[in-house]
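*Asks:* Since chain A is already given, all that's left is putting chain B on it; use the hints.
2 protein chains.
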Amino acid sequence: MAEFSLIDRIRQRAGSRPDVVLGIGDDAALIDPPKGQQLVLAVDTLVEGVHFARGVPPSAIGWKALAVNLSDLAAMGAEPAVALLALTLPDDDSAFVDEFAAGFAALADTHRVALVGGDTTRGPLAASVTVMGYVPKGSALTRAGASAGDDLWITGTLGDAAGALALWKSGLPMLRTGRLRDRLDRPTPRLGAGIALRGLATACIDISDGFLADLGHLLAMSGLGADVEADALPASPALLEAFPDPLLRRELQLTGGDDYELCFSAPVARREAVRKALDAVATPASRVGSLVAGARLRLFDADRLPLPLPARRGYVHFAGSGA
Amino acid sequence: MAEFSLIDRIRQRAGSRPDVVLGIGDDAALIDPPKGQQLVLAVDTLVEGVHFARGVPPSAIGWKALAVNLSDLAAMGAEPAVALLALTLPDDDSAFVDEFAAGFAALADTHRVALVGGDTTRGPLAASVTVMGYVPKGSALTRAGASAGDDLWITGTLGDAAGALALWKSGLPMLRTGRLRDRLDRPTPRLGAGIALRGLATACIDISDGFLADLGHLLAMSGLGADVEADALPASPALLEAFPDPLLRRELQLTGGDDYELCFSAPVARREAVRKALDAVATPASRVGSLVAGARLRLFDADRLPLPLPARRGYVHFAGSGA
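Residue numbers (my numbering), protein chains in the order written: chain A, 1 to 323; chain B, 1 to 323.
So that you can see chain A by itself, here it is in the shape it has in the complex (with noise of 0.2 Å):
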């Protein structure tokens, strides 16, 4: 494989930052990370087959493979910084890497990323990519802090990543399944939401393996239960459109995976500074329910009366498992 030509059409589009002395073209990258910060790092992997279909636009799979990352630091309040992109290509497909490189920066230069390493290697198609970004000292959000009582919130809207896949699987046509679709293969991290609710929120985690499984990580790293409504989990217009059913979009809503959104919990009495922050950086947010004390997730309907749990609460990807 030509190696160095398809990471020289990757660091065509890599992006420069101030903070990057040195990107790709060396050993390694050489990073002044500015004074007072500290460093976030996450790394995930797609791989076609188990996080995307073939058939999947290039472009899509670059964005969602950066995506994915981004949304971890969302999740910490951090700000993006670099990223390293680990690209297993199964032929010298100089098309398809640009294509990929297209969509990994039309996402990173919305956040000012730089790409400051990469490598490119034969095999079956997968893109691991490392993010790092920086949070002032002793500022980032985890999933430890909640406090019984808190409010439950979840940023934008729930089961439209898990909806598209659904009615993919179920061999509709494409043009019913666009906006879901978006949602799916081109999902937007929450970074502006993250940064607006450092201080406000006391744990936070982004909703990639489905709410209840998310919320689940939250509540054991917190040591607390939760009290949610069901009815209160945000729709977007077109997965209601698209699963009239309540029983299916609530479903879709509970265990989908693949939304991005942040789950995260806050004092009571923040409820309006959550408001307001959110609002300033264009963010919708819904309050979804309390923490409690005890190990234990209840679901209520719009009644209080309460509601069974689903049998299954992970996400299952496109085929198989696997996060």
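Any given hint could be a false lead.
As the list claims (entries may be wrong) - Under the rule of at most 35 Å between Cα atoms (straight-line distance), these lysine-lysine pairs were calculated in the DSBU-like manner:
| hint | chain 1 | residue 1 | chain 2 | residue 2 |
| --- | --- | --- | --- | --- |
| 1 | A | 35 | A | 276 |
| 2 | A | 276 | A | 137 |
| 3 | A | 35 | B | 35 |
| 4 | A | 137 | A | 35 |
| 5 | B | 35 | B | 137 |
| 6 | A | 137 | B | 35 |
| 7 | B | 137 | B | 276 |
| 8 | B | 137 | A | 35 |
| 9 | A | 137 | B | 137 |
| 10 | B | 276 | B | 35 |
Calculated directly from the structure, the hints in this document are not laboratory data.
*Replies:* Frame of chain A; chain B shown alone:
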């Protein structure tokens, strides 16, 4: 796949460091970098069937996946700090993960590297590792700083890994290839040497793709050429014994990859200082030539008679090509 139990298995061996505020277990890792340091970041992927053969012990794959990255930090003169691992596995094989993690941890512990991020995915066997290290501001070694007249140096010995690969491909029994095979499966990143060379080496690169190929990168970035004395290239006793034919041996030393030695330049006036600095970290080193003006690379024998350059300068890994 039981992703969480696999990550838990790896997490048990993750290690800790005072600068790691949060390791595996939240949305991202949180690091408090030491003051006055720049960050050095590198990523490299090993794929089964490309970078290692089916049947290589999992512990060797774990070791090497980290080693090839630490070697990039060594070439920058950096001190390693943390690593992130994206592991793709064909099935939920906990014995493989345990052995892989043991090999990874054996090398990580030696160099006080903490594993702070992990991702396991179902797919064809591959390990993508990102490493971050520190270097005092302004003291990183790069490929670009050499001057005409500088000595050209090599740490350790060349050709062992390529020799092991050649013997292995020829079907010779393993016992004949033992010492060489160790170089191929469990390379030693020259971290102590890289740190010792701060302020002494004018340019540095690690030899992953082969001496001529990697020297070519250093020369291109420094805008120079080199005169190399082929007979001065250091050979191990094991290579001398296994490859008595000097022509074949020289070919392995010039073009064989996976040695992970450092190739560096230093002023003639610092010759003794280089010796002393590398002696202090018990790293053997050999002077193998000089940098010259102009973009040409010339090979000589011990009598200063010119030698032809090999037709292929790059390195073919276990199968296919790529880096």
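*Asks:* Which hint numbers doesn't this structure obey?
*Replies:* Violated hints: none; all satisfied.
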